[in-house]
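Spelled out from the first residue to the last, the chains are:
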Amino acid sequence: MSLSGGPLDTGDLIGLAGRGGPRRSQRRVPPGEALRSTLIALISTVVVFGLIVVVVTNAPNWPEVQRSFFDGAIFERSLPKVIAAFGTNVALFLTAEAFILVFGLVLAIMRGLPGPAFFPVRLLATVYVDIFRAVPGLLVIYLLGFGITGLGIPGVPTDFFIYGVLALALVYSAYVSEVYRAGIDSVHWSQEAAARSLGLSRLQALRYVIVPQAIRRVIPPLLNDFIGLQKDTVLVSSLGVVEIFRQAQILKSATFNFTPLIAVALVFIVVTIPLARLTDWLVARDRNRQAASGAQ
Amino acid sequence: MSALAQPDRPPGATRPAVRIEDLHKSFGDLEVLRGIDLEVAEHEVVCLIGSSGSGKSTLLRCINLLEPIDAGRIVIEGDEITARGVDVNRIRRRIGIVFQAFNLFPHMSVLGNVTLAPRKVLGLGRAEADARATELLERFGLADKRLAYPDRLSGGQQQRVAIVRALAMQPDLLLLDEVTSALDPELVAEVLNVIRELAVGGMTMIIATHEMGFARDIADRVCFLDAGRILEEGPPREMFTAPREERTRQFLQRVIDAGRL
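Each protein sequence line maps, in turn, to chains A and B.
Here the first sequence is numbered in the working numbering, starting from 4 and rising by one per residue.
Here the second sequence is numbered in the working numbering, starting from 1261 and rising by one per residue.
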C-alpha cells in the first residue's frame, strides 16, 4: 500500500492516488521527485492523524469514552458472537439480492414497454418505484413485519426473517430497477433496430441483445447498491431478528459497554472494502475499455 | 438451399417483388417522404441516389417497417405489409436490411451474430444454424473469423458479417442503407464485391448509396430522390449520361465535382 499520492507504480490498492490525473501507466516520474512526493505525503499524513489523536485523547471525558467503547477484553469476548450472528445478515442479504436482481429487471422492462396499451403497466411500475424509493426502508420493514403478522391470518408465516427479506427486496428492487433502466437506455437504439429487422420480437430483442449489454454496463452501480443493501440488513434488527446488530445490542446491555458495536463496525468494514474496491476496479476497467474502443 | 440461388426464375420476372404506392412519412413537422411510388421486380437491383436528407434511408426503414408510415401502401410479393394487424415480425424475416453503421451485436461472436435470428426466429437447432452460418461465412471469406468478436474485425469485415447475418434469414429482399459510408476508402471494395456477387446470384435489392460508380455498374435501375419524392428514374446509363431533370443534373454535377464519379 502506498501513501504517496503521487507516482504509484507500486499498485494503489486503496485508491489513494486520486482520480482524474494522468494515467498512471503513462507517467514516468524521475526518482528524485518520487521520493519528494512520498515524503510530503508521509509528513502530512502523520501531522493530520497525529493532530486528531492528540485532540481526541486530550478531550475532558476521553478516559470514560475509551472505557465504554474500546474495552479490549469485551472486544475479544464479543467478536466471535458478533461474527456468528453476521451469518443471519449474510442470509438476509443473499436471499433479498436474488429476488432483487430479478424483480428489479422486471420493473425496468415494465417501465420501458412502449405504446398506449401498456400504459397501465408503465404506470404501475412507476408508482411502485416512486413509493418504495420515497418510504424509508426501516418503515417498510416495520409495516410489513408487524402489519402482516398482526393481521393474524392463519397460514401466513410469522417468521420475521421472511418479512425482513421481503421488505429489503421491495425497497432495493425500486433502486435497482432504475439502475437497470439506465443501462437499457444506454444501449443505442440501432441495436434494437438490428435485432427487430431480423424478425426478433421486442421481448426477444430485449432478452438476447439489449439486456445482456445493459447488464454488463451497470455491474458497477449494481454492486454499489448491494453495498448499501448489505449494510441495511441491520435494519431488520428492529423486528427482533437476532442478526449482527441485535446481537451487539444484547451484548451491550449485558456488559453496559458499547465495545460490541465497534466490533460490528469492524466486521462491516472488513466485508465492504473488498466489494468497494472491486467496484472501483470494474469502473476503471470499463472506462479504459471505452477509451480503447472509442465512443460508439 | 442457399439464400441466393434462385436459378429456376429468370431475371425480369413478372410479379413485382415490392410495390410502394403513395408513401408518406413525417417526423413531427418535417415531411421526409412526400408520396413515393416505386416498383421493384424480382431479381432487380434498384439504387436510390440523392443528397443527404432526400429520404433514401427513411424509405428503406419504412419498407422494413422499422418506421411506421403515415399514408400509402407497401406490398411485398403480393402481401400488403402496411395493412392493419399484420405480424411485423413475420414480415421482417423476409426483408433483410444492412445498416451504415453495421449494428453488429458487440457481445456476441460472429457466429452468434449470424445464428441468433435463425435459431430464435426460425427455430433452427444450434448445430444446423451453425452449419448454415459457417457455409455462408465461408462463401464470403469470413470462415476464419467465425469465433471472433466484432471489435476485433475491420470495418469491411464487420459490414460483410452484417450482410451475412441478413442473408442467414434467407430474405426475399435485401435493403442496403449506405453500407459503405462508414468505411475507410480501402475497405469499400471488399463490401461492394460482396454486393456484386449477390446481384449476380439474383438477389432482389434496394440500395441507398453515395457510390455513383458502383450504382452505375450494378443497378438495373437508378432512382433519384429529391425532397421526399422520386424525381427521376431510369437505367443507369440514361440517368448518369442524360438526366432529364435539372435537379438531377445539379446533383450529379456536384458528385462529379467532388470526384465521386
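These aren't lab readings, by the way, just hints derived from the structure by calculation.
Being a predicted model, the structure only gives us computed values, none of them experimental.
For every residue, glycine included, the Cβ atom is placed at its ideal position computed from N, Cα and C.
It cannot be assumed that every hint is accurate.
Computed footprint of chain B on chain A; a stretch qualifies when at least three of its residues, placed anywhere within it, have a C-beta under 8 Å from a C-beta of chain B [claimed, not checked]: (1) 126–133; (2) 186–200.
Only part of the chain A face toward chain B is listed, based on derived beta-carbon distances under 8 Å [as the list claims (entries may be wrong)]: (3) Ser204; (4) Arg220; (5) Ile222; (6) Gln233.
Hint check:
1. 126–133: It is violated: at least three residues are needed, and the segment 126–133 of chain A offers just 0 whose Cβ sits closer than 8 Å to chain B.
2. 186–200: holds (count 7)
3. Ser204: The hint holds - serine 204(A) has a Cβ within 8 Å of chain B, the shortest such distance being about 5 Å.
4. Arg220: With a closest approach of 11 Å, the arginine 220(A) hint is violated.
5. Ile222: Check failed: Cβ of isoleucine 222(A) comes no nearer than 13 Å to chain B, outside 8 Å.
6. Gln233: violated (29 Å)
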